[in-house]
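Order-wise, the sequence lines are chains A and B.
The numbering of the first sequence is the numbering used here, which starts it at 258 and goes up by one.
The numbering of the second sequence is the numbering used here, which starts it at -10 and goes up by one.
In short, the hints are calculated from the structure, not lab data.
Treat the hints with care, as some may be off.
Claimed, not checked - Which chain B residues face chain A? A few, computed with CB under 8 Å, are given here: (1) Ser44; (2) Ala45; (3) Arg89; (4) Gly92; (5) Arg169; (6) Glu216; (7) Ser217; (8) Ser218; (9) Pro259; (10) Asp260; (11) Asn261; (12) Gly270; (13) Thr271.
Stated by the list, open to error - To list a few chain A residues with every Cβ distance to chain B over 10 Å, as calculated: (14) Arg259; (15) Ile281; (16) Phe310; (17) Met313; (18) Gln332; (19) Asp364; (20) Lys381; (21) Ile391; (22) Gly454; (23) Leu506.
None of these values were measured; they are calculated from a predicted model.
For every residue, glycine included, the Cβ atom is placed at its ideal position computed from N, Cα and C.
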Amino acid sequence: MRVYGTEITLPLFLGTAQYPSPAILQDAILSSQCEVVTVSLRRETAGGTGARFWDMLRATGARILPNTAGCHSVQEAVTTAQMARELFATDWIKLEVIGHGDTLQPDVFALVEAARILATDGFKVFPYMNDDLIVGEKLLEAGCQVLMPWGAPIGSGQGLRNPDALRAMRAHFPDTPLIVDAGIGRPSDAVLAMELGMDAVLLNTAVARAGDPVGMARAMALAVETGRLGFAADPIDRRDMAVPSTPVLGLAELM
Amino acid sequence: MITIAGAGLAGLASALELARAGASVRVYEAGPEIGARSVARYAGGMLAPWCERESAGEEVITLGAGAADWWEAITPVTCRGTLVVAPPRDHAELSRFARRTTGFREVAGTGVDRLEPDLSGRFSRGLFFEREAHLDPRLALQDLVNAATALGVVINPGTAAPDRVDLDCTGIHATLPDLRPVRGEMALLHCPEVTITRTIRLLHPRFPLYLVPRGEGVFMIGATMIESSSTRPVTLRSLSELLGAAFAIHPGFAEASVIETGSGLRPAFPDNLPRLVQRDGTLHLNGLYRHGFLLAPAMAARVARHFIPETSDAHHSECQTA
């Protein structure tokens, strides 16, 4: 996948929260060979106070995609993005503007507004959005060159609640990188996302809160690779009736 | 004479173990009062190795299972177990917690009611970790001082340690590679209307909470875990999450007085487990993270075995070099 001019080999982005320890997080990143990790920037960690933790992340060699997780307004998200640009020396930002505290749904109106402000300011915006086509169009108009539709509410592990909508997005935005962000629970969900033609999958809880995060990170890496190969190989269509896999014509005549 | 920098939990527990093994010990504390700078003041004081196993290595059990007995010899320990509950819509969290831990029995709603009558009808399911215990951190620190001084340990508050000491227990003030701060915030509530007699853990996907009764209607609630070196007072966001979760345990906490809030920096290594590290001729005991009262006894015993090998069963490999 090529996004904002950067080639990414493994279509898996990992979040870095909720791991049992930074050592396990590091092992998970290394075992999956994930190339991009997202990091949330709270006010609490501003001013470089989270430096020790970030140093450990940088040591993995993965590219850091800061995010605005937990921001509920345009102003909050924009301020957080600006702090992130300074702290991590990157113009990449995963833009989250949360609309509801319980469902963590994106506030798509504020999202589009914040995306426009940030893109105008030179940011390369990765917007966390729902799976609405028109919201996607508005985000592209605002200057985004990638879309990150959710599969299900953040951390819910429900998998892809509406695969048809994702398929429609793929068809509607054939040339825009699409990354499923949120909702992935199991490797099979990641396979399905990739089989739908998504360009990558971003997940956190499914790995961080698994019994063996390192093993799950590896499983997810294999899953996205499997799904991508499957999509590229043009799968057969479903049928209601059986079709014998051995030829019917030309059977040997039995004496 | 063995010299120790830092009269916090790690330093005092090590001093006591060394004195018990017959050493003469001097502890230097840069702060004006013993324990005043110690992050242990803000700890929950839970001796809960089986619960902690949910997110930590097996070491929390192998090193921590004996902690309650160790503390009981010097300070009051409340051995009434831990009750883990979750709001109805977060029962998946309870199932997950049960899969990751041992040493509990499942209790139905009636079992919760029997254990803590004030929680009657509030939780339909729970996990009861009967063998767990808790103590009062500030009382325990004071009792630790008393026990150590009774054995001849000399503690010098308000005195900077000399350039070289035998044992460095200065927590987050130590300069060790890989050591990082994990900020924690807590609050003390006074709420005589609610009676809860054991540690309660409320599972919640975003803000898990523990509540530890301190007696006399006082409860400690905690604690946030933030990868930050900020020492500013507790934030409104953290406090509202903690108080909201307390309210979810029992609405009676709405009437509680918030009598204290606090924040501190837990020292942690990347695997969140404590270590003995030999560096430039000084042994460091550090990285107790959120397991200070739980793991300090076992780590202090290792310190004693390091300095006084005759108390050892030849565990020289327990220490690593930085």
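Hints and how they fare:
1. Ser44: holds, 5 Å
2. Ala45: holds, 7 Å
3. Arg89: Since chain A brings a Cβ to about 6 Å from Arg89 of chain B, closer than 8 Å, the hint holds.
4. Gly92: violated, 17 Å
5. Arg169: holds, 4 Å
6. Glu216: holds, 4 Å
7. Ser217: At 4 Å from the nearest chain A Cβ, Ser217 of chain B passes the 8 Å test, so the hint holds.
8. Ser218: holds, 4 Å
9. Pro259: holds, 4 Å
10. Asp260: holds, 4 Å
11. Asn261: At 4 Å from the nearest chain A Cβ, Asn261 of chain B passes the 8 Å test, so the hint holds.
12. Gly270: Interface hint status for Gly270 of chain B: violated (25 Å vs cutoff 8 Å).
13. Thr271: Given a least distance of 21 Å, the restraint on Thr271 of chain B is violated.
14. Arg259: holds, 32 Å
15. Ile281: Violated, because the least Cβ-Cβ distance between Ile281 of chain A and chain B comes to about 8 Å, which does not exceed 10 Å.
16. Phe310: Since the minimum Cβ distance to chain B is about 4 Å, Phe310 of chain A lies within 10 Å and the statement is violated.
17. Met313: violated, 6 Å
18. Gln332: holds, 16 Å
19. Asp364: holds, 18 Å
20. Lys381: Holds, because the least Cβ-Cβ distance between Lys381 of chain A and chain B comes to about 25 Å, which exceeds 10 Å.
21. Ile391: Holds, since 30 Å exceeds 10 Å.
22. Gly454: holds, 31 Å
23. Leu506: Per Cβ check, Leu506 of chain A is outside 10 Å of chain B; nearest 54 Å; holds.
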